[in-house]
Amino acid sequence: MGAHDEGRPVDTPAAAGEAVSPERRSEQAWARSGRHLRVGGAREGALNLNVEGRDVTGPLQGFGRLWQKTFRVPLEGVALSPGAVVDVWKREFPSFQPPGNRFYPSLTGIAPGEVVLINARTPAGTISTGVMVLYADDESFTLMTPEGHPESGWVTFSATLEDDTVVVQVQTMARANDPIYELVYRVMASRTQDRIWSHVVGALAERLGVTPRVEVTRTLVDPRVQWRRAGNIRHNAQILTVLYVLGAPFRWRRRRRA
Amino acid sequence: MHQPKTDIGVRDFDARVGVIAIGGEITSASEEALMSAYAEANQAAPAGLILDFREMAYMNSSGIGLLVTLLIRANRQGQRIFAVGLNDHYRQIFELTRLDEAIHLCADESQARAEIG
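As you go down the protein sequences, you meet chains A and B in turn. Counting from 1 along the first sequence, just add 478 to a position and that's the residue number in the numbering used here. Counting from 1 along the second sequence, just add 216 to a position and that's the residue number in the numbering used here.
Among the hints, a few may not be true.
Calculated pairs, SDA-like style, for lysine to any residue (alpha carbon to alpha carbon, straight line, at most 20 Å) [to be verified]:
#1 Lys547(A) to Val645(A)
#2 Lys547(A) to Val699(A)
#3 Lys221(B) to Ser252(B)
#4 Lys221(B) to Ala497(A)
#5 Lys221(B) to Thr243(B)
#6 Lys221(B) to Arg502(A)
#7 Lys221(B) to Glu640(A)
#8 Lys221(B) to Thr638(A)
#9 Lys221(B) to Glu505(A)
#10 Lys221(B) to Arg503(A)
#11 Lys221(B) to Ser499(A)
#12 Lys568(A) to Pro690(A)
#13 Lys547(A) to Glu247(B)
#14 Lys568(A) to Pro590(A)
#15 Lys547(A) to Arg289(B)
#16 Lys568(A) to Pro552(A)
#17 Lys568(A) to Gly519(A)
Per the computed footprint, the stretches of chain A lying under chain B, defined by three or more beta-carbons under 8 Å from a beta-carbon of chain B, are [what the hints assert, rightly or not]:
#18 500-506
#19 535-545
#20 618-626
To be clear, the hints were calculated from the coordinates, so they are not data collected in a lab. These figures come from a predicted structure and were not determined experimentally. Where is the CB? At the ideal position from N, CA and C, for every residue including glycine.
Kindly generate the complete structure, drawing on both the sequences and the hints.
Pasting the structure below:
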């Protein structure tokens with residue numbers, strides 16, 4: 479989409495929805511699925527582990543400290559509406575990820591209730607997990623994590639108009655999902671995660687022709703860890719993915735014998 | 217552009233119960249109104265807080281995030297939170313987001329008051 483070069487505001491699907499009642503808007507925007515994830519449909523090239531049948535987990539179900547982090551970039555000089563910007567974000571979502579992070583949306587894309595598979599490289603190897611699209615309207619969308627994901631919570635991608643400038647934002651509200659993730663987050667992964675979201679919001683800005691200047695704010699919402707959630711470790715997608723990869727030769731031999 | 221209108225206020229508070237009426241549209245723009253209402257309702261440090269959603273027209277995911285922040289603050293003070301007046305749609309959203317594990321969903325205010333005791 480070369481809308482940035484066109485130099486004029488672009489109408490979005492939101493414009494057609496202005497007369498829709500709040501109740502109807504809400505029903506269209508929120509996922510209607512249950513809390514058990516169903517992947518559905520093949521995702522070419524994706525390793526599909528640790529998602530099917532898992533429950534989603536919010537900021538209350540994780541183990542570690544609860545952080546709210548915000549990553550913002552003002553799109554100065556971009557003549558797009560917030561809706562048009564979010565439309566680009568949804569349609570090209572996997573392309574804004576840093577190298578090593580691969581996102582596999584369904585054919586439907588970023589839409590309420592859809593599951594996006596994630597294969598990512600980490601210092602411990604590969605991790606296969608995913609997220610569910612919890613909420614999506616014309617100017618924002620929110621992804622929610624499943625059991626076993628490094629974080630327990632959600633992340634919201636949005637665009638708003640502030641003083642005639644569209645500001646794009648990624649806001650996370652999440653805890654590390656289990657004690658191992660929390661330990662790794664305190665040592666290094668929290669900064670890694672921050673770099674990922676800075677990259678995502680910056681890549682979108684670059685896509686729209688803006689040199690990104692990412693503003694980051696971090697708020698510790700709850701400094702306590704939730705020891706009653708320590709058992710979440712049984713779902714740890716990093717451990718289970720590593721075990722799956724290590725078991726590949728044995729599965730191969732078993733298949734050959736069969 | 218659509219301008220969300222939030223209408224949040226404290227209807228009642230004492231040492232036992234604080235009631236916050238949540239109306240209009242609840243989005244990230246509602247943060248100041250919600251937290252001010254909580255501060256007002258919390259003056260008497262009630263044992264329980266009732267959030268009355270009967271007049272709520274719309275809530276997006278940022279609105280749900282505000283409720284999480286409110287819940288954490290209340291829990292830190294040992295307060296329990298109850299929600300009344302949610303329609304079926306928003307009850308389903310509370311269940312999906314698993315807020316229902318920490319915010320007690322009640323049929324009406326009298327039931328919530330009875331549970332607070």
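Each hint tested on the structure:
For the given pair, Lys547(A) sits about 16 Å from Val645(A) by alpha-carbon distance, which is consistent with the 20 Å threshold. For the suggested pair Lys547(A) and Val699(A), the alpha carbons sit about 10 Å apart, so the restraint of at most 20 Å is met. Our distance criterion of 20 Å between C-alpha atoms is met by Lys221(B) and Ser252(B), whose separation comes to about 16 Å. Between the alpha carbons of Lys221(B) and Ala497(A) the distance comes to roughly 16 Å, so the proposed pair stays at or under 20 Å and holds.
Of the pairs offered as hints, the one joining Lys221(B) and Thr243(B) holds, with about 9 Å between alpha carbons and a cut-off of 20 Å not exceeded. Of the pairs offered as hints, the one joining Lys221(B) and Arg502(A) holds, with about 17 Å between alpha carbons and a cut-off of 20 Å not exceeded. For the hint linking Lys221(B) to Glu640(A), the alpha-carbon distance of about 17 Å falls within 20 Å, and the restraint holds. At roughly 16 Å between alpha-carbon atoms, Lys221(B) and Thr638(A) fall within 20 Å of each other, so this suggested pair holds.
For the proposed pair Lys221(B) and Glu505(A), the alpha carbon gap of about 19 Å is at most 20 Å, so the pair holds. Between Lys221(B) and Arg503(A) the CA atoms are separated by roughly 15 Å; this keeps the pair inside 20 Å, and the hint holds. For a cut-off of 20 Å, the pair hint linking Lys221(B) to Ser499(A) stands: about 14 Å separates their Cα positions. For a cut-off of 20 Å, the pair hint linking Lys568(A) to Pro690(A) stands: about 19 Å separates their Cα positions.
Of the pairs offered as hints, the one joining Lys547(A) and Glu247(B) holds, with about 16 Å between alpha carbons and a cut-off of 20 Å not exceeded. Straight-line distance between C-alpha atoms of Lys568(A) and Pro590(A) comes to about 12 Å, which keeps the hinted pair within the 20 Å bound. The straight-line distance between the Cα atoms of Lys547(A) and Arg289(B) is roughly 18 Å, inside the 20 Å bound, and the hint therefore holds. Restraint check for Lys568(A) and Pro552(A): the C-alpha separation of about 18 Å stays at or below 20 Å, so the hint holds.
Only pairs whose Cα atoms come within 20 Å are accepted, and Lys568(A) paired with Gly519(A) is accepted, the gap being roughly 19 Å. With 5 residues bearing a CB less than 8 Å from a CB of chain B, the segment 500-506 of chain A meets the requirement of three and the coverage assertion stands. For the segment 535-545 of chain A, the stated coverage by chain B holds: 6 residues have a C-beta nearer than 8 Å to a C-beta of that chain, and at least 3 were required. As drawn, the segment 618-626 of chain A meets chain B at 3 residues by the rule of a beta-carbon pair under 8 Å; at three or more, the given contact holds.
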